[in-house]
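Chemist: The whole structure should be built from the sequences, with the hints applied where relevant.
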Amino acid sequence: EAGVAQSPRYKIIEKRQSVAFWCNPISGHATLYWYQQILGQGPKLLIQFQNNGVVDDSQLPKDRFSAERLKGVDSTLKIQPAKLEDSAVYLCASSLRPLTGGEGEQFFGPGTRLTVL
Amino acid sequence: AQTVTQSQPEMSVQEAETVTLSCTYDTSESDYYLFWYKQPPSRQMILVIRQEAYKQQNATENRFSVNFQKAAKSFSLKISDSQLGDAAMYFCAYTTGEYGNKLVFGAGTILRVKS
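Line by line, the protein sequences give chains A and B. In terms of my numbering, the first sequence opens at residue 1 and continues consecutively. In terms of my numbering, the second sequence opens at residue 118 and continues consecutively.
Hints in this document: simulated from the structure, not taken from any laboratory. One or more hints might be untrue.
Said to hold, decoys possible - So, partial list: chain A residues that the calculated Cβ filter (under 10 angstroms) puts toward chain B:
{"#": "1", "residue": "35"}
{"#": "2", "residue": "106"}
{"#": "3", "residue": "107"}
Every residue, glycine too, gets a C-beta built ideally from N, C-alpha and C.
Modeler: Right under this line is the structure:
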């Protein structure tokens, strides 16, 4: 079974530029998550999709971050404009069901390391 | 506030020895799940072990076991017969949210394994 795919793996941009990350979840997984992992910290949930609807985006900085999941499969996370403090690894995860216990185990992608100069 | 505290930023263990990573958490919910995730340098997070809060029996997964103390909100991970491949960052996490859909992570513990 193929895992969660993410691209690009690395991205370096200047502050105030825009950037987009792409995620392809495991086939059949209805729930998709985007996390931000700042160096030295654990991942923090930015947004959760159930199919193509948003379940939780309470920690997404909506003035600069946006995300969409078209057709309930692939997802993109965009930052516009980027700030220095956005430097982090952006992880995508997917699960069969919304619950994180039992069958709702989250499977993570390799992440995208973003550096904002 | 929902928090997870991993008080050991870094731990070292000799190959074949046993090491315990500590974790405490703070939640007002009575039903939740607890997890230990491993993140090697390649960055792919891998689930190591999970514990359901309503189960008193400690979870075990081969060389990995937990010591779950619900009243103390403590969830430590024991790795027996440590191997070089166990070297990674380990994160403790628990579920929260209306559907138990959100994971709250600790800051992690770097585990180094010496040969």
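Chemist: Next step is simple, just say for each hint if it's right about the structure.
Modeler: Verification of the hints:
About 8 angstroms separates the beta-carbon of residue 35/A from the nearest beta-carbon of chain B, less than 10 angstroms, and the hint is met. Hint status for residue 106/A relative to chain B: holds, with the closest Cβ pair at about 7 angstroms, below 10 angstroms. Hint status for residue 107/A: holds, given a least beta-carbon distance of 8 angstroms to chain B, under 10 angstroms.
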